[in-house]
Each structure stands twice: as structure tokens, then as C-alpha cells.
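With the hints as your guide, set chain B onto chain A.
Chains as they are written, first to last, in this note's numbering: chain A, 3 to 469; chain B, 102 to 809.
Take every hint as true, because none was put in to throw you off.
Residues on chain B that point at chain A, a partial pick, calculated with CB under 10 Å:
#1 R264
#2 A284
#3 R288
#4 T298
#5 D318
#6 D357
#7 L635
#8 R664
When the alpha-carbon atoms are kept at most 25 Å apart in a straight line, the in silico SDA-like pairs for lysine to any residue are as follows:
#9 A:K304 to B:P771
#10 A:K68 to B:G327
#11 B:K404 to B:E461
#12 B:K766 to A:T398
#13 B:K766 to A:D281
#14 A:K173 to A:S393
#15 B:K766 to A:A194
#16 B:K766 to A:P387
#17 A:K304 to A:R403
#18 B:K687 to B:R353
#19 B:K687 to B:G662
#20 B:K687 to B:G650
#21 B:K503 to A:V467
#22 A:K68 to A:N47
#23 B:K766 to A:E392
Note that these hints are calculated values from the structure, not bench results.
From the three backbone atoms N, C-alpha and C, an ideal C-beta is built for every residue, glycine too.
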Amino acid sequence: MTATTSPWPLRAVAFAAAAVLTAATTVYQHESRYRHGCGRSRDDNTIVMVSGEDITPGRRREELIKTWNDQHPLGPRVRLVSLPGGSDQEYSQMLAAQQLGSCLYDVLSLDVVWMQEFIRSGYLDPFTPAELAGLDQPAFLPKTWATGAGRDGRQYAIPFTSDVGLLYYRKDIVKRPPRTWDELRRMTTPAALRRLPGRDKAGLVTQLADYEGLTVNGMEAVWGAGGTIAEGQDGRIVVDDAAAAGLHRLVDGMTASSPLILADSAEFRESDSLTAFIDGRALFLRDWPYAYPVIAADPLLKDRVGVAELPGPAPDGPPGAGALGGQDLAIPKNALHKEEARRFIRFLTEPAQQRRLYACTGYVPVRVEAYRDVAACSQLTGERPANPRESPDSLTARQLRGLSGILLRAIDRARQRPDVLYYPGFSRAFHRYLHDALTQRGVVDAGALSRLLTTCAGRTPPGAVCP
Amino acid sequence: MPSEGDRGIPEHDAGKRPTWAIVVFTLTGSVVAFAAPLGLTLMQTGRLQPTWPAVAALAVAVVLGRLFTRFPDLTDRLVRELGGALHSIVRWWSATGRAAAGFLRGRLPALTKPGRLVLVRQVLAIVLVVVLGAGAGRALAGRLLPAPSPRDAVPCGDPVELRVLTPPEDRDAVQSAADGFAADQARRRHCRPVHITVNAQVPFSDLLQGFATRWQDPSKQPVSTGVMALLGPPPDIWLPAATAEADYVAGRAHPDVTLDDEGSIATSPLVFAVPDDYAQRMAENLPDPDAPTWADLLAAAPKAGLRVARPDPTVSEAGVLATADLYRASHAGHRAGGTGGTGRDGGGDPGDRDRRAVEEQIASLGAPLSSAHDLLCAIRQNPAPVAVIVPEQALLDYDQAKPLGVGCSLPIARPPVPYRPFHPADARVLDYPFVRVTWQGQADAARDTMIDRFRSWLAGGTLQDAGFRDRSGHTESVQLPNTRLETEVRRFTRTEIGRAIAEYRRARLLVTVDFVIDVSGSMNRPTPERVSELDRARELVAQAVDFLGPSDAVGLSTFPGGRAVDDVTSAVRAEVAPAAADHISKDLQPALARLGRAHGGSTPLYNAIDDASKALVGKGDNPAVVVLTDGDDHVRGGIGAAELAKRLAAAPERPRIVMLATGPKGCDEPDVTALTATRTAVCYNATSGETDGLTSLVFAELRKGGSR
Numbered sequence: 003m004t005a006t007t008s009p010w011p012l013r014a015v016a017f018a019a020a021a022v023l024t025a026a027t028t029v030y031q032h033e034s035r036y037r038h039g040c041g042r043s044r045d046d047n048t049i050v051m052v053s054g055e056d057i058t059p060g061r062r063r064e065e066l067i068k069t070w071n072d073q074h075p076l077g078p079r080v081r082l083v084s085l086p087g088g089s090d091q092e093y094s095q096m097l098a099a100q101q102l103g104s105c106l107y108d109v110l111s112l113d114v115v116w117m118q119e120f121i122r123s124g125y126l127d128p129f130t131p132a133e134l135a136g137l138d139q140p141a142f143l144p145k146t147w148a149t150g151a152g153r154d155g156r157q158y159a160i161p162f163t164s165d166v167g168l169l170y171y172r173k174d175i176v177k178r179p180p181r182t183w184d185e186l187r188r189m190t191t192p193a194a195l196r197r198l199p200g201r202d203k204a205g206l207v208t209q210l211a212d213y214e215g216l217t218v219n220g221m222e223a224v225w226g227a228g229g230t231i232a233e234g235q236d237g238r239i240v241v242d243d244a245a246a247a248g249l250h251r252l253v254d255g256m257t258a259s260s261p262l263i264l265a266d267s268a269e270f271r272e273s274d275s276l277t278a279f280i281d282g283r284a285l286f287l288r289d290w291p292y293a294y295p296v297i298a299a300d301p302l303l304k305d306r307v308g309v310a311e312l313p314g315p316a317p318d319g320p321p322g323a324g325a326l327g328g329q330d331l332a333i334p335k336n337a338l339h340k341e342e343a344r345r346f347i348r349f350l351t352e353p354a355q356q357r358r359l360y361a362c363t364g365y366v367p368v369r370v371e372a373y374r375d376v377a378a379c380s381q382l383t384g385e386r387p388a389n390p391r392e393s394p395d396s397l398t399a400r401q402l403r404g405l406s407g408i409l410l411r412a413i414d415r416a417r418q419r420p421d422v423l424y425y426p427g428f429s430r431a432f433h434r435y436l437h438d439a440l441t442q443r444g445v446v447d448a449g450a451l452s453r454l455l456t457t458c459a460g461r462t463p464p465g466a467v468c469p
Numbered sequence: 102m103p104s105e106g107d108r109g110i111p112e113h114d115a116g117k118r119p120t121w122a123i124v125v126f127t128l129t130g131s132v133v134a135f136a137a138p139l140g141l142t143l144m145q146t147g148r149l150q151p152t153w154p155a156v157a158a159l160a161v162a163v164v165l166g167r168l169f170t171r172f173p174d175l176t177d178r179l180v181r182e183l184g185g186a187l188h189s190i191v192r193w194w195s196a197t198g199r200a201a202a203g204f205l206r207g208r209l210p211a212l213t214k215p216g217r218l219v220l221v222r223q224v225l226a227i228v229l230v231v232v233l234g235a236g237a238g239r240a241l242a243g244r245l246l247p248a249p250s251p252r253d254a255v256p257c258g259d260p261v262e263l264r265v266l267t268p269p270e271d272r273d274a275v276q277s278a279a280d281g282f283a284a285d286q287a288r289r290r291h292c293r294p295v296h297i298t299v300n301a302q303v304p305f306s307d308l309l310q311g312f313a314t315r316w317q318d319p320s321k322q323p324v325s326t327g328v329m330a331l332l333g334p335p336p337d338i339w340l341p342a343a344t345a346e347a348d349y350v351a352g353r354a355h356p357d358v359t360l361d362d363e364g365s366i367a368t369s370p371l372v373f374a375v376p377d378d379y380a381q382r383m384a385e386n387l388p389d390p391d392a393p394t395w396a397d398l399l400a401a402a403p404k405a406g407l408r409v410a411r412p413d414p415t416v417s418e419a420g421v422l423a424t425a426d427l428y429r430a431s432h433a434g435h436r437a438g439g440t441g442g443t444g445r446d447g448g449g450d451p452g453d454r455d456r457r458a459v460e461e462q463i464a465s466l467g468a469p470l471s472s473a474h475d476l477l478c479a480i481r482q483n484p485a486p487v488a489v490i491v492p493e494q495a496l497l498d499y500d501q502a503k504p505l506g507v508g509c510s511l512p513i514a515r516p517p518v519p520y521r522p523f524h525p526a527d528a529r530v531l532d533y534p535f536v537r538v539t540w541q542g543q544a545d546a547a548r549d550t551m552i553d554r555f556r557s558w559l560a561g562g563t564l565q566d567a568g569f570r571d572r573s574g575h576t577e578s579v580q581l582p583n584t585r586l587e588t589e590v591r592r593f594t595r596t597e598i599g600r601a602i603a604e605y606r607r608a609r610l611l612v613t614v615d616f617v618i619d620v621s622g623s624m625n626r627p628t629p630e631r632v633s634e635l636d637r638a639r640e641l642v643a644q645a646v647d648f649l650g651p652s653d654a655v656g657l658s659t660f661p662g663g664r665a666v667d668d669v670t671s672a673v674r675a676e677v678a679p680a681a682a683d684h685i686s687k688d689l690q691p692a693l694a695r696l697g698r699a700h701g702g703s704t705p706l707y708n709a710i711d712d713a714s715k716a717l718v719g720k721g722d723n724p725a726v727v728v729l730t731d732g733d734d735h736v737r738g739g740i741g742a743a744e745l746a747k748r749l750a751a752a753p754e755r756p757r758i759v760m761l762a763t764g765p766k767g768c769d770e771p772d773v774t775a776l777t778a779t780r781t782a783v784c785y786n787a788t789s790g791e792t793d794g795l796t797s798l799v800f801a802e803l804r805k806g807g808s809r
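So here's chain A without its partners, still in its complex pose (with noise of 0.2 Å):
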């Protein structure tokens, strides 16, 4: 090249061509790829709520769906998209979705403790005032309501079952519940043990598996010692003495000599858990109340099983607080059918329906009505059973009412767990903390396990150490 047949500005004119050129393309391939639509036809005229898989006995959810459907011929109809897998991966799918800007879904169903986490991050419709006024607030339990509403005070999702931690105890054994982690211990004996049929037996078991439910019973623990573990005013998260003694207690338990707690209780979720104290390998069990139905179905359990308040600090106080569960339902920004969906979540949370699921399923309902009026499933749908010998439910009204009551007061006394910048890293690393206390080192250590917390709850970069 010479610079009589080339010279450099022309050069340099061919370049910055060049590069305005590729720049177009670029910026035409990005907006090809990531101006999309939003993965669902806007023509489609039906309102789609998205939750975990129906863990109801008799698909008792999806009958609801198929009421509203039945009571809107003309439309719109609902779909439920069911997500198998369990609370991680429906939030996995959840978040995954709002990030991409999708407008899959209308209605989400939401595991209480992601609510914030979705809030914060903006993906949440609000209700207005007028909204909310249609859906008579005062009649919902004060905390389950609580668990949708913003920092900014304003509402993002309204109750749709809740759920809360419980003790049940074998009574044929025990005379009545303990009301103190000690006295659990006391009430452990070997004569105790000895009445039950199972193998491997020991006094509790309980859910302490590495998942978000070792998160629960770790906080459960906390209480049930009258400690707490919060962010304080620098960010920083504070364990205190009274909570690392409850955590210390609950790892001794598992790894002392005579252990407390049945050792298997390292790998079990819930079902487990609950198949083992069926099994008659404990004398207690923590779990939530999804149990009461399923042990009061069995043959030999049904009359020898009660259900009570966690233990608490002390023998003269109240009872320990269970950590609040649940689901609520909320409008994602993106939703195609909004107003439609409001109506929707309105139809779900009216006292008709969660009267059935509380008689029928063993949920946790929301509303005051629905432990007030309480009726068993059957005179409900007019279910009649073909065999006279056989009870067409699974609870009868009268169990029902003795529930409400116990449960009415748990929910009442029951906590949420703490309210960081990052629910999720606080979780993981809090459980996986335990599991290894539980399973190998034996001991909880106060300041590391704050200093941890601190470093994955999201208000300073993230060590390596946060899983």
C-alpha cells in the first residue's frame, strides 16, 4: 500500500465504517435476542397461576381451579402450572422467569420467605388501597397478611394458606406436652422408649437435613431458647448468647452420647421425618401441620398422638414460637391479566374456599371465618361414603376445632424468619453451617457463625465461604 493510492484518512474513514457497521450488527443481533416477546401470545385469555405441585390428598387444590372454571363458562379460565421439585425449585423457576421478563405467569404462589426477596427486587405488582379494600383485610390473620407487605408499607401479595411449626407427642407414652426443651429431655426415658415399636429409637425427630428446613428448625431452636438472630442497625447479623445457646442445644442433642434426637434425622425432610415418628421410632416430632391429618389416618397412631405449642424458654411462660410457613399469591410486573388475576387471588382467598381446603387438606387457612365455622369436608361438598364403617374424612369436625384452636394460638406466637438484604445466602449458609455442626465439628461457634451470616445475608461483597 502507498500513500498515493491510499492515504490515511481514507483509512481511517473505511475503519470507523467498518466499526459503525459491526456496531449495527451487534447491536441488531442484541435486540434480536433480547427484545423478544414475553413468551406467551397476548391473545391468550386465560389467567395462569404458577405454584408448587399439589400436595393436597384428592388433588383437593386444583378442584378450586375447577370451580372457578366452572363458575366462568365464558371466561377467563384459569390454567395451574405445576412445579415439582420442592421450595428451591420453585423459586429457582420463580425468579428465573422475572429476570427474563416473562409474562408467563399471572398469578405467582410464593413461599413466604422469598416474598421479600421478590418485593425488593421490584418484580411484584402492589395493590392499591381500593384493591385491598375489596378483600376485607380484618379478616385475615394479622401475621399471615403481614408476610405480603412491603418496607415501603405498601401490599404485594395477599395470604393464601399459612403454616407454622408444632410439637406432637406420643400421649400413650407421655401424659401431656413438654413445655420446655429440658423437659423434653426429662420426659425421654428408657422405660419411655422402650413402649415404642420402632427400631433406632430416640426422643424427637425432626427435619435437619441440608435444606431450607434446617434453616427453620435452627430458628425454631433459637426462640424456643428466647434468643434471636437479626441484622442489627450496621448491617452486620448479631447471634446472640441465648441463640447460640438454643443452637448448641439442638447440635448436642443430636451428637451426644445418648443422643435426643434420632441421628437419621441429619438426612430427613419433612415426609421422612413424619414416616419415622409413624413408624414408632420417637416420641416426638416437629413438623408442620400437614401431619395432623395423615397420623390421624392411621389405624394405630390416631388415637395416640397429640399436637401441641413448641416447647419455650421457660417452664412457667409462654410456649416457643414456630416459625410461620405458607404460601401467599402475588401479581408479577409482567402479568398479562391483572385485573383478572386480582379477582382470581379474591376468589382463592374467600371464606368458602378456605374452609374446604382446611377441612379437606389439611392446609392452614388465612381467615379467621375458617377456623370459627369450622365443618368437616364432607358436609362441605356432600360427599357421602359408600361403606357406613368408614369415615369419608380424614379429620371430623370435631378434630378440626381442636386444631383450630392450637393453631390459632401458634400462628399468633409465630415468627418469621429474619428479614435480611439476602433471605437466600442467609439461608444456605446458615443451614449448611448447622448440617455441619450437626454431622461432623459438634459445635456451634457464636462469632463465626455472625460473622458468616453477616458476610452471605447481602450487605457486604460475599466471601468465597457463602455457598
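Positioned in the frame of chain A, the structure of chain B alone reads:
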């Protein structure tokens, strides 16, 4: 300047020619060209604060301003040369046009003339800039596009949530690689840019359907109107075991689902592993112990006293791949000896007989074999004289006593029986491609960036710590006997996968199965897994559909047939008929969907089994009755266990009776033990556990030849 003027050119101009200025000018131009539109897009979508571009624009203005003040003639020249440049571009286009026209007319184009060479060089230079520019643009896009998030308080905003799908045997390895990646990203960027949820793969048969139906669960699809069950979170990244499998699936995927194969990230050969104690005897029976073929190994195993097991090809992709490897000889043999008149079967594919012989040699271990880990867990728990066909990497997990999934998750010191691999000379290698999945066109830039980085992380050798080989089949160290550092990477083909699936259905023993579901009131009882016993039964039968081929036959009935307390009848819900797609989707699945709740008043268990076995007569080979019940037979006027046993014994072709017990007492229910104690029936506890594992086990038992 002493040298000035010596060279006889107007150096006055040349000395002023600012070479570095050209570079700066061009670079600034390019950067502005890339950054400006990107920045605009970003600001429009609210992902970029205006401060950043403002600062950048200021910097660019200062640089350009300085250039123009330092070289005042630059502006002048630029304006002058712009015209010239346009002219030369037009000339170039017309020259190219002429050349093309000449080429079309069959004449030699004039491109070889010296003057054209300059043009060629210029074009090359432009191409270079375009390529570099595209790279720079992409990198810029990646850097500048954070996830849309107003959560400014959290560094980096929301971590990008990546959904990864792997076969069950690779789950732990991928999970730890993902944890390492997330930690590495956090360290580099001082925030949490990504979180990865790893899901173990669903049954292979469901996977095929899932990609074809936008990830709907095929076994639950028609169950109820208004409900759509997904197979799990639809993955952003799928890490199947073989490229051939990805190709096979991509060929059948829904048009809304895009699968981009981005290359292999690791390899692991399939091996034939035998217990150490049997290795010597095996070697003695092999023609060439250093390079045996699959056929040699299969022939030697029974002589050495070994049965052979492989993961179930219906649910495990490792199983499908192993099957493709095992069947290859059946094709080669017939191509070579097809005309030699070796006396094969008359009709059908002559290789079928060989493949049936292979299948007859495959053992059921009495445990679920839905993955290579399941298989290795079964031999860890119950050591048996069994050779296994698994990926080398899974064998290493076994050898190092790593967790092997459900039932083998607790740590142990060492495997009870060490295994030694043989590397068949005709074995293929699993080449683990990285597949990016896009659903309904939904993508975001932050996700794509993280997917790119995760791909590089995996391809960078992370998986080799977990026992995989690198992409070229190389491993750093040999941890198993009989193993070399290098393995030739011979890949499966897409055709082999499809062929193995079809041929396996023909080669296995056929079954004719009648499912009998108890719909007495007690089946409404909730289980610890929070569904009713009837739900559980329905789920098991729905899953069973995957295990049936068109040559099998299936039917469904329920008992009691009516609501009276002394009802001893059964109701046929779907006749026993060949399990063609039509029969499944039009008869069986709708019938299952209607079983919402149990209403029956009695439980005529023994009568129901008797009715079903009669209904099977003349319907096909290898009849079996599979009963799903909580097991207490209470009804007036029904037959007893002894009478049932007598009737079954008298039947012309006695069916196998399999009980799947869903009740709280499982198989210990007295009315069930009355049958199992006399070996009239076998029972599996179906109260809890993995559905596909249990179904796979039941069908493995049903397809087992020999005594019943």
C-alpha cells in the same frame, strides 16, 4: 532536523503525519461507535445511569478536541478525503461487480492485477476490524448489561438465577463445579452475580417428551383440565451425557425451544467393570484381554460366573448409551455375515435375535436402576457377582466411596467390593456437551454472559477433579487398574441413539400387564408425602406408561366395581390391548384422570386379582397383574387367599401377581402377607420413594425371564 529533505520526498508533510493519531482516532471512533448505541439502549431500559456515558462522552470530546487543535489540517483533510473515500468505495463495489459479472460469464476475473491486490488487502483489513469489533462489541455488551434490578443496595443486584439440568450420576460433580464457579465470580466482582440451581435429570423418556412439549410432564399431561404439570424448572443449561443424545433430542424439540450445542466440556468412556476377585477369571476367558470387544466381554461374563447389569435404558441416558454400545455388534455381525446363511430368524430384523440374547443376559438386581449411581449403590449395599456397564467417572465415584444418591448418601470408608474396569475396544465415549436452551425466545444478556462464563469454567477442566477426562480423552492420573492416561474419543451417533431406543423395545421380554387399582374409601387416606394413597397409585401407573412399548399390552381396572358394602366386582376402565400410543392416550390416561377420589365401600382384593388374571387370558405374552392397594381384603362373599391361589394355579397361563402396597403398613398388611408368604404374589412397598425408580424395578422384574 538534519535528515529533513535528504530523501527527496516532501518530508515537510510526512514528518507531520501523526501515525499515533491515526490509531487514536480510529480507536476512539470505534469505541464511540460501539458504546453509543449500547449506552442509549441501556439508558432507555433504565439499566444504565446517565453518569457513566456522560463521563465517557466528555473523555472522547477532550481527546478529539486535542487531536484537532494539535493537527489543525486534520479537519481540512478529513473533509477532503471523505469525498475521495466515498469515491473509492463506489469504485471498489463496481470493480467487484464487474469481476463477479466476468466470473459469471466464465472469464477469469481481473482480481489478480497488481492494482487489485491493494483492494484485496483493504478488504482483508476491513474484515479484520469487523471481526475484532464484533468481539469488542460483545465483550462490551456483556460488561455493560447487568440484570435489570432496582436493588442498588445489593452489590450487582439480583444474582442471575441459572437453572442447570444434568443426569443424576453427574449431579454432585456439577453442583460442586457450580458452587466453585459462583464463589469465583463473587471473589472477582465483590458481589454475588450468579446463583445456580442444579437439577438431576428427569427420566430419559420424559426428557424427550419434555423438550418436544415445552417441558410439560408427559405422564401428568392429560390428568386434569386447567392444570399443566412441568417436569421441573425448564433448564437454561442442559448437560447431557453425549452429543449424539443432544442431537437426537434437538431433532424432536418443539419449534419454540432452541438447543445450542456449545461443545464438549469433558469426556468419560463407558467401561465394563467386574469385581476384583473375578477379574482374573474374566481375563482367562477373553481372546484378547488387552483389547476385548463388548461381545467378548458378554461371552466371558457367564463363564466367569458373572451376570451383567446396566442402568435402565428407559429412564437412564447412560443406560441408553450402554445399550447402543452393546447392540452395535448385532448390526456389524449381520452386515458381514448376512448372506452367509448363518441360519437366523426368518422374519424381521435378523439382529433382533442377537439383541434378545443380550437382553436375556442382563440381570435385574431387585433394586431401582434409574441411573449409573443407582446401579453402583445397589452393588454397594448388596454385593453380588455382577458385572456393571457404567461411565468410568461413575465407577470412580464408587471406588472412592463418594455419595451415590438416594440410599447411598452417607459417607463410607471404602466400597465393600472393589471393581476393576475393562475398556472395550469398541466402546464409545460420553462427551458431555454444553447445551444452551432458550425457551420461547426468552433470553437476557446478563444470563447469556453468565452462561458463557459458566461454560468456560466447566471447559477449563473443573470437572476433571471429579473423575472426568478432558475433551480429548486425557486424564492426569490413573486411579483405576486396567486404565490408560489416554482414551480415543469415539463418539456415539444420533442414529445409534434412536436405533437403540427402538431396538431395545423389541429385544426385551414383552409383557401383558393389567393394572388393578384399589378405589375403596381407605385409599383416600393422606400419606406422609401429603397426597392420598390413590394419588400415589395413579402416579405409579402413569409413570409405568414410559416403560411400555407398542408390542406390550396394557389394561386398567379398579375395584370394587360398585358402591355397595358387599360388592365383589371389579370395573374395567381400559381393556387389555396393545400399548400403542392411541390406546395409551385415548383409553388409559383418561381413565386414570377420572380416578380423582375413592368412593368404594368394600375391598374385594382377591376377587379383583382373580378377575384380572382371567381378563389376561389370550391377550399376550408374559401376563402380569399389578395391584395397587392398601391391602385389607374385607368383604362378605368374596374369595379367600387360599381359593385365589388355587384358581391361579389352575389357570392355563398363570400370570405373575405384583402388589404395590400404598398403605401405612406397606407389605406387612396381613391380607398381603397371606399371598406373599405362599409366593402367590410378590410385594413392593410403594408408600414413599422415587416413582420412576420403583416403576423401573417392577418392570425389570416383570421382564425377567424364567421362573415365576
